[in-house]
Amino acid sequence: MEKIIYAILSGKINHGKLTTLLSGIKGIEGADLVAVSFDQISAVVSNIEKADLVANQINAFAFAHVIEILEEDYPLLPMRFGSIMKSAGSIQEMLEKNYPEFRNNLQKVENKSEFGLKIVCDTEKLKTELKSKSDAVNEPSQKSVAESRDSVFREYVNQKLKAHRLEEMLMGYIDSIIAEFTGFLIELDAVKKIKKMTTATTIIDAVFLLEKDKKAELILAIEAMQSKHTGLNFILTGPWPPYSFVDITLKQ
Amino acid sequence: MSENKILCNAGTVDFSFQDISTEVDKLKNIEDSRLSLTPDNADSGLAKLVLTLVELIRKLIEKQAMRRVDGGSLSDDEIERLGETLMKLEMKMEELKKYFNLTDRDLNINLGPLGDLM
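Order-wise, the sequence lines are chains A and B. Using our numbering, the letters of the first sequence map in sequence onto residues 4 to 255. Using our numbering, the letters of the second sequence map in sequence onto residues 212 to 329.
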């Protein structure tokens, strides 16, 4: 029987309080949770048969649920789903070897939570709107291209060029939205990670790490942006454990 | 979840369900997009890998070419030749995909946290 690790907790842990908390939560497949500690950090783990661990919604929920409850009381580093080690001894050894990195990362996320922002829209509709606002998209590459005799190759280039210009316009528009929320994120002293066009409809997929008590300010700022950009749908979620802000390469 | 995690959503999408399903699908897709080479499928497995790289390079070339066309630095003849080359490249890719029974989705490898390749 191996051990699956849910999170690494920090601080001067009151082990009595932690044990009481863990006794009230169940892990994957209803397993009991225990803490494996080294100095001032602890790993929360449960028993698991590695071969039986399936990446499905039930297990993913159970895993996330444990982390979410622990996050209410402790600064923590959430572990990736499926982080399994063979025994409590090997976990303790791993904690010891990576102690400085764990401490550094735990300090970075202390009193902070992660928030997610997805901005979704009908990109085809958005492209049509952008296209109607600019004649540049429909201009041929050079005057001579349009005027010269019919050529499938030139027509092909012109079609590709139109698509390219539209794409550039879309990217420019996305960058302007990013610049807008980056402004207030700086004021909130937030750390951010942003991806563009992650799916056909998600034009921005961003995560922020900011102090827990700035949640209300963040919501207000996003709501203000939503009122301004009615064609976009701003989906703000959180607070989450700092899933996207753990930066450790474990030494085994 | 112990509380509502959606703090702002002006749309009508049941985001929590959609998002979780997407993430679970991603886990499955990562499995699907792994290169699975066995003695029986060595040809198609390798073809998938090679064509993915070729398609990525083709798209990068196309993007760079459009930048140059848009910048006005190419002559009429150069644009003509460029169009012919790009068109033939695209047609050849379609042929190869058909030959190895691959779709555009097969060539879009999931790079985990980095997202999709193309």
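Calculated directly from the structure, the hints in this document are not laboratory data. It cannot be assumed that every hint is accurate.
Computed list of lysine-lysine pairs in DSBU-like fashion (alpha-carbon distance at most 35 angstroms, straight line) [to be verified]: (1) A/K195 / A/K134; (2) A/K165 / A/K53; (3) A/K165 / B/K308; (4) A/K195 / B/K308; (5) B/K216 / A/K130.
Quick caveat, the model's predicted, so the values are computed rather than measured.
Hint check:
1. A/K195 / A/K134: holds (30 angstroms)
2. A/K165 / A/K53: violated (52 angstroms)
3. A/K165 / B/K308: Roughly 26 angstroms between the alpha carbons, so the hint for A/K165 and B/K308 holds.
4. A/K195 / B/K308: Violated - the C-alpha atoms of B/K308 and A/K195 are around 39 angstroms apart, more than 35 angstroms.
5. B/K216 / A/K130: Status holds; Cα separation ~31 angstroms.
Violated hints, listed in ascending order, are 2, 4; each of the other numbered hints is respected by the structure.
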